[in-house]
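Here is what each chain is made of, one letter per residue.
6 protein chains.
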Amino acid sequence: MTEVSGGSPAGSGGVITLGETMALMRAQTPGPLAHASELGLGIGGAESNVAIALARLGTPVSWFGRVGADSLGELVVRELRAEGLEVRAIRDPAAPTGLMIKERRTQHNQKVWYYRAGSAGSRLDPADVPVEEIAAAALLHVTGITPALSASAADAVDLAVRTARAAGTTVSFDVNYRGALWSPEVASPVLRSLAGSADILFAGDDEAALLVGPAEDPRELAGALAELGPSQVVVKRGGQGCVALVDGVYFEQAAIPVQPVDTVGAGDAFVAGYLAERLRGLTPRECLLTAVRTGAFACLVPGDWEGMPRRSELGLLEATEPVSR
Amino acid sequence: MTEVSGGSPAGSGGVITLGETMALMRAQTPGPLAHASELGLGIGGAESNVAIALARLGTPVSWFGRVGADSLGELVVRELRAEGLEVRAIRDPAAPTGLMIKERRTQHNQKVWYYRAGSAGSRLDPADVPVEEIAAAALLHVTGITPALSASAADAVDLAVRTARAAGTTVSFDVNYRGALWSPEVASPVLRSLAGSADILFAGDDEAALLVGPAEDPRELAGALAELGPSQVVVKRGGQGCVALVDGVYFEQAAIPVQPVDTVGAGDAFVAGYLAERLRGLTPRECLLTAVRTGAFACLVPGDWEGMPRRSELGLLEATEPVSR
Amino acid sequence: MTEVSGGSPAGSGGVITLGETMALMRAQTPGPLAHASELGLGIGGAESNVAIALARLGTPVSWFGRVGADSLGELVVRELRAEGLEVRAIRDPAAPTGLMIKERRTQHNQKVWYYRAGSAGSRLDPADVPVEEIAAAALLHVTGITPALSASAADAVDLAVRTARAAGTTVSFDVNYRGALWSPEVASPVLRSLAGSADILFAGDDEAALLVGPAEDPRELAGALAELGPSQVVVKRGGQGCVALVDGVYFEQAAIPVQPVDTVGAGDAFVAGYLAERLRGLTPRECLLTAVRTGAFACLVPGDWEGMPRRSELGLLEATEPVSR
Amino acid sequence: MTEVSGGSPAGSGGVITLGETMALMRAQTPGPLAHASELGLGIGGAESNVAIALARLGTPVSWFGRVGADSLGELVVRELRAEGLEVRAIRDPAAPTGLMIKERRTQHNQKVWYYRAGSAGSRLDPADVPVEEIAAAALLHVTGITPALSASAADAVDLAVRTARAAGTTVSFDVNYRGALWSPEVASPVLRSLAGSADILFAGDDEAALLVGPAEDPRELAGALAELGPSQVVVKRGGQGCVALVDGVYFEQAAIPVQPVDTVGAGDAFVAGYLAERLRGLTPRECLLTAVRTGAFACLVPGDWEGMPRRSELGLLEATEPVSR
Amino acid sequence: MTEVSGGSPAGSGGVITLGETMALMRAQTPGPLAHASELGLGIGGAESNVAIALARLGTPVSWFGRVGADSLGELVVRELRAEGLEVRAIRDPAAPTGLMIKERRTQHNQKVWYYRAGSAGSRLDPADVPVEEIAAAALLHVTGITPALSASAADAVDLAVRTARAAGTTVSFDVNYRGALWSPEVASPVLRSLAGSADILFAGDDEAALLVGPAEDPRELAGALAELGPSQVVVKRGGQGCVALVDGVYFEQAAIPVQPVDTVGAGDAFVAGYLAERLRGLTPRECLLTAVRTGAFACLVPGDWEGMPRRSELGLLEATEPVSR
Amino acid sequence: MTEVSGGSPAGSGGVITLGETMALMRAQTPGPLAHASELGLGIGGAESNVAIALARLGTPVSWFGRVGADSLGELVVRELRAEGLEVRAIRDPAAPTGLMIKERRTQHNQKVWYYRAGSAGSRLDPADVPVEEIAAAALLHVTGITPALSASAADAVDLAVRTARAAGTTVSFDVNYRGALWSPEVASPVLRSLAGSADILFAGDDEAALLVGPAEDPRELAGALAELGPSQVVVKRGGQGCVALVDGVYFEQAAIPVQPVDTVGAGDAFVAGYLAERLRGLTPRECLLTAVRTGAFACLVPGDWEGMPRRSELGLLEATEPVSR
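Residue numbers (my numbering), protein chains in the order written: chain A, 1 to 325; chain B, 1 to 325; chain C, 1 to 325; chain D, 1 to 325; chain E, 1 to 325; chain F, 1 to 325.
Among the clues, some could well be false.
[Unchecked claim] Derived DEER-like restraints, expressed as beta-carbon distance ranges:
no. : chain 1 : residue 1 : chain 2 : residue 2 : range
1   : D       : Thr29     : E       : Ala167    : 49 to 59 Å
2   : E       : Tyr114    : C       : Pro214    : 41 to 51 Å
3   : D       : Thr29     : C       : Glu227    : 50 to 60 Å
4   : C       : Gln259    : D       : Asn109    : 19 to 29 Å
5   : E       : Tyr114    : B       : Gly239    : 32 to 42 Å
6   : B       : Val249    : E       : Arg192    : 52 to 62 Å
7   : C       : Gly213    : D       : Thr29     : 41 to 51 Å
8   : D       : Val112    : C       : Ser312    : 39 to 49 Å
9   : B       : Gly239    : F       : Gly58     : 29 to 39 Å
10  : F       : His108    : D       : Asp155    : 40 to 50 Å
11  : A       : Glu286    : D       : Ala209    : 30 to 40 Å
12  : B       : Gly281    : E       : Ser193    : 49 to 59 Å
13  : F       : Gly58     : B       : Pro260    : 25 to 35 Å
14  : D       : Thr29     : C       : Ser231    : 49 to 59 Å
[Unchecked claim] DSSO-like mimics (lysine-lysine), calculated; alpha carbons at most 30 Å apart, straight line:
no. : chain 1 : residue 1 : chain 2 : residue 2
15  : E       : Lys111    : C       : Lys111
16  : F       : Lys111    : D       : Lys111
17  : B       : Lys111    : A       : Lys111
Calculated from the structure, these hints are not laboratory results. Nothing here was measured: the structure is a model prediction, and the numbers come from that model. Quick reminder that beta carbons are idealized off the backbone N, C-alpha and C, glycines included.
Chain A on its own, in the form it takes in the complex (with noise of 0.2 Å):
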């Protein structure tokens, strides 16, 4: 077991996160799979996805997590530390990297396979938390993934959130329900509880019915959420942009209309606008607005973090200002 680092360490002001990231590999056309005779090679993972992201706005990041003491592990940390991040990787001789497989059936219908059961990602455990660096950072970034991996990586994302409430440290979670990893009844109490321990929380409309119950608008989704506890609640709505509850007041904010060519990492380009802006203290409206930017950014490139942008970017799309009411 090696800690691999590197990186500028996020120290105060910075942000932290953990989870799993995959090698990744995906079909270059659209098609079965079973026709493909290549398949590029790149890596992926929620939490990675938006420390990328938030690493190109400026922000100084950490993230740490378990990759095998393989070639795809080397991989991770290679792509990793490429993009900037502190990057403190356990190689887990014991297991190997997890990896996903994507398959555009055709330019709309993406299918994925898994295979992280017993990958070294999934056993993260709580005596990999780095809860000094959790004390001392500006803000933690967990998701609902980690906690579906094992037992000892849902132990994992417990301590860390618990380690930032003590300290301060400012909590944001990202529901991320992924139906292949368990089930809604499984899942719902302990994300519900999760969401109850952030001060900024994300979800989807179907994840935030999940927590809350179905409702007929995503206001009376954002309130039910905030009343599990987080002062900021954000609904991501895709290409319908997103609705924000925020100290009490309601925001909602359009989409940039795109054409996507791959909407995948779009949400967590999104999450990484918001936090980027708001550990800068913008207001609720300048954080949306970078939000629907970062998000728009990477529809527009293959690939789950590839297209995100550089905070010199930014101004390459244009945003409608947000409706408060």
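Go by the hints and put chains B, C, D, E and F onto chain A.
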């Protein structure tokens, strides 16, 4: 659970084999895998490699096994059908198709990473064993990989071998010890027992030593293996050719000197060459001559089985007559 | 001359088709072919496109035809077998496998160059026609391409159709007029005669006009075609849907609006969708609904047949109920 | 210093152009260039783009310029010769062939990086100017890029234009202001002077404003440009078509609506379309109709010039007649 | 029927050649072609291979032949023009451009499949023969392939040779017997007659035996060939070098030992090396030295002609002086 | 001007290096570059090659240099960070990132074309030199390339070396004479002076002769170099191994015999192998053994540095003990 069939049924006079066939991703140039941006996509598995080589030599052959109800399972079935095998693939919705990733660290140092723990192929079960077809076939070919996959897979191999013996179907067994799947201590009694039930036994130098202890001379190894039961023993020695003990007579056969492009699959091609000729009633000399030819062909083309020769192509490579002493 | 068989025999209840399948080379980006440095290699043929789509929808199907005793013939056989067809390919040592080259001059202007004059496929002969299998099958599908290939191929189609009619096997005929192969003057009596022998007739707008003269309204065309004999007539109109006249009742079915990636093969997919449902005893409405779905799928993936849907995938695209009037 | 010649000499009735043609490397998928593992290799240059399009339309054309005595210079010469131009490339052993790198940040945001400072092409010299050939030609086409490359290149353009005027050879000038090469302040007097020496002048909206100051209406811009001297002025407005002022008569021509794949080179194609028809003695309406067609073609294929149409292909795209008022 | 011209006219002192040049598709890795998903696209033809090599060595050369009025014909013309040949390609609208497909079954076993029956190139006709240009040229080079393509092509070669002889233009003939095109019985009288009309004759060992019967020693073969008429005979022996008989003096020249990547085209490169030096008035020794150098270069790069050397590159390979005895 | 940092700071005990790292485009098959349609994109630079190899062997290492504020600069920074170096890259907005283009004319003849005149990397300045970090480091490694780039770069190297000597930091210098950058006459006094300031000196045979005049025996060269000042001199002789003179004792070390795929970067790998072991306090014999191993690894993989071994991989290649005499 659906059964897919296809190809010419092996019927009487044909070969039946069963085992796991996986998706295979391979880096296309030598070097650390972490620098690859694309992987070639194909399939591989010791038993199906043998089956493909047999089919190309004109032997009717049926392959039985499990794959996932996923796109990589579709890939496995497509490729095996394409090669003219009778494919009896159980599509298992409860587990993914196994996969393997091949890295060529340098031209001559290859690494393989498996994602087959809990795979569909490893869930092979005695209930899957085609007892009637085995009883009707001329030959059953199994390897020492399958019993390492799971308890149920081990039971399946046992049942297949017992069925064959009871019906008078010839049993061919290739030791194929895989250190990544089990330890020598656990493996050796299982492999020895299967070797003892075989009529035709194939083993590498090291595998022979694992079963009967080390020896100075491959002839000694062949002799000790024959004492376990099989009337035909072939010790495969790669570039050094092979030593066989058939019905009490020793044969030595030199390999065909080639500049190998990819040696993986050469042992499987060798086995198929031997078995194809045996089933046509040829002499041991003729079996060995074809075996070294098919083995050499497999080395000359990238991929585990793609280079295996059709009967009409055998003449492209010249081999030296074996020596019998 | 060798016969290669494979796949599930269509048997009773299944479909038999015969025709020419060629190797297909295609430029992979739009632009003049002379700037391409690589061509994608695959296969294509109207009858085998239909056969593949039928097999994916669960219909047992057998394909009969000739290919060369060359590597491209091997390619054709491999791919058809891979798709689970019963393949009865005569390997003709006296002529090469036909081939076609596809250029996308712009995204929406495609050119095709054929190398099929004197090809193995064009040497189809009445002696090749599987009269027993046709008599035992539920349906025979032929196209207007085969009679244009050679006199012997025309005789073979005639024999096949006569055999089917005599045995009570349903005859499906897709006009598929190819201007590169013969002139309208030569083609129209031959095609009209075959249309008259069919039970189910498929034609494009232009093809219908070639057989029965121009009309203002596709319903008129369908009516005139039905007078030639077939009890089921479907006029395929691409993005404008189709008009059918089944047992005296007119149906109109809208196409599913999609952004097409490659429309070649969509007509074949449409035919397969209709036939598959017909053989399951579904109503004309249901047949047409599936037909527009399979047609739409074929447009969404590059390649003539690679995008054709499995039955389980049909639900990914929504279609509007046909109108009957 | 070697002169390489090839292609049909433009002779009398033909076009002569001179300028810099560079190697062009381009990322083949959208996204940050730093994620590309391969770049497509080709060539590009405004004057040779025009020359290629002219040659495809059947106009004899000669290209003069310098490239390095290196492999990329060989590439430039090969491609220009391949297109049937008469190529008079001076191979300059003292400087490398210029190159440009194109990144598609998103589908619609393109960045270009130049490596042309001190390049062979920028070392064009008055001594290189083919005064006799210019005097014998029907038309000389130059752009505002060449004078920005170096003092000697500016002198060469001057000499070429003076030679043409003296000999009665028509002078065509495309403003082509490149902000990466010089500032508006330095550029505008040079460009204005060249515009004043031209018979046919092409300018974009912005370029027109750079020469004659801003205006509300493109007709105003055309009028002001015509006052500089040229009897034919065409203001190119991309997807909005163009406005022309020819011998005192205004024309407005709509663009052909297409979904552009790559708009680079469309302006050059437009110029070639206009000039080719002009040299055939066609009317302004006919010149503009062909111009919008060739411009549209160039947008439909990746690459700066690869998609330019042959005369026989023009009919694949329909254009609306221009309006004259 | 259009004539396309380009390149430097060979004029007096130059070389004229005529024959068929085809599109060439090749598998890019060794193995059965049926496993390839992409083919490389290029061109090839014995006469144009020689012409390209001559042009790279600085000899003015004109190529005459027919190609189809299709995109592959465009490809042939583009590539030949790119290499600086004067290209006189008749675009024949009545027949397609011929093509060949190359498979590397193993690194050292290559198969070629031709699609040239009835091709445009095979329709070469005496009316196409450029009698004036041949009379003005220094040398005419023809091969034994062209007379095998069709009766009119055979007549065209005859006319070309007769024209050259009448005008005092040197005739070079490379036997190039192709078993796929005609039988030894039909070919040998035709080839013998052409050999008898040549001044410079090139033949492989086997080809020599086809013309003059077998012999033990290549010097014997050279002697017997010289008796047919040519004053210069070169027997090409691949890796074993060559034997020449020039004006009654024998020369033996060793090949340059290289690890060949692709030997196709090496014979054509050899011929060009010899002819280029001959036309510069060099001695037989010097001609042979360059010939083995150019032959070796062609082996070191994939493709039939791509690796042919420029004069400035000859020094990269060292050759041993020939022995004269 | 932005500073980007990342990776583990070399700190005390680590290595600091500075120089230019460029984007590197390479043809992927042998042959003239003008036939390539794609180039592989990567990075390269002598100092960063050494740094990467050191990092893979476990030595903390920092790289300092300038790159452009462009996408290729981003590429350089990404790759160096990915390898775990501490990267201190000044992003220079005033100049582009340098680039090099590699052509393999044949398997064994490589050409390199540079676009680095005026590049960001060549603008390295004494103000960029990290004097504190050099003083704190264990070793400074510089090459003879940097002083050839510009006067300011030469001054920067001087300052770095003087700083190291003053602080007692070991100075390692690899002569790396580049004929494309400066003449022997200009270079030799500069290189000799730097050699005289070094503690550890690496030179090829020719480079040694450039500094101290020719000699018959590499030991003589080593001796003469040592007289310039360095206590450790290693004469690198490629496939012939090396000769070292360390603290007055001569060592000869044979190279590991391999079939090289790409020898570029082997010298840098050799240097890193030596330095890594030296910094661990190993004996000269051990340093040389690792050096020939790392050098051999670099030859076995395409790319300048991609094949460099991790410490755990060293055992894959066996070396013979050096001889000391």
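Here is what the structure says about each hint:
{"no.": "1", "hint": "Thr29(D) / Ala167(E): 49 to 59 Å", "result": "57 Å, holds"}
{"no.": "2", "hint": "Tyr114(E) / Pro214(C): 41 to 51 Å", "result": "44 Å, holds"}
{"no.": "3", "hint": "Thr29(D) / Glu227(C): 50 to 60 Å", "result": "54 Å, holds"}
{"no.": "4", "hint": "Gln259(C) / Asn109(D): 19 to 29 Å", "result": "22 Å, holds"}
{"no.": "5", "hint": "Tyr114(E) / Gly239(B): 32 to 42 Å", "result": "38 Å, holds"}
{"no.": "6", "hint": "Val249(B) / Arg192(E): 52 to 62 Å", "result": "56 Å, holds"}
{"no.": "7", "hint": "Gly213(C) / Thr29(D): 41 to 51 Å", "result": "50 Å, holds"}
{"no.": "8", "hint": "Val112(D) / Ser312(C): 39 to 49 Å", "result": "47 Å, holds"}
{"no.": "9", "hint": "Gly239(B) / Gly58(F): 29 to 39 Å", "result": "35 Å, holds"}
{"no.": "10", "hint": "His108(F) / Asp155(D): 40 to 50 Å", "result": "45 Å, holds"}
{"no.": "11", "hint": "Glu286(A) / Ala209(D): 30 to 40 Å", "result": "34 Å, holds"}
{"no.": "12", "hint": "Gly281(B) / Ser193(E): 49 to 59 Å", "result": "53 Å, holds"}
{"no.": "13", "hint": "Gly58(F) / Pro260(B): 25 to 35 Å", "result": "33 Å, holds"}
{"no.": "14", "hint": "Thr29(D) / Ser231(C): 49 to 59 Å", "result": "51 Å, holds"}
{"no.": "15", "hint": "Lys111(E) / Lys111(C)", "result": "29 Å, holds"}
{"no.": "16", "hint": "Lys111(F) / Lys111(D)", "result": "29 Å, holds"}
{"no.": "17", "hint": "Lys111(B) / Lys111(A)", "result": "29 Å, holds"}
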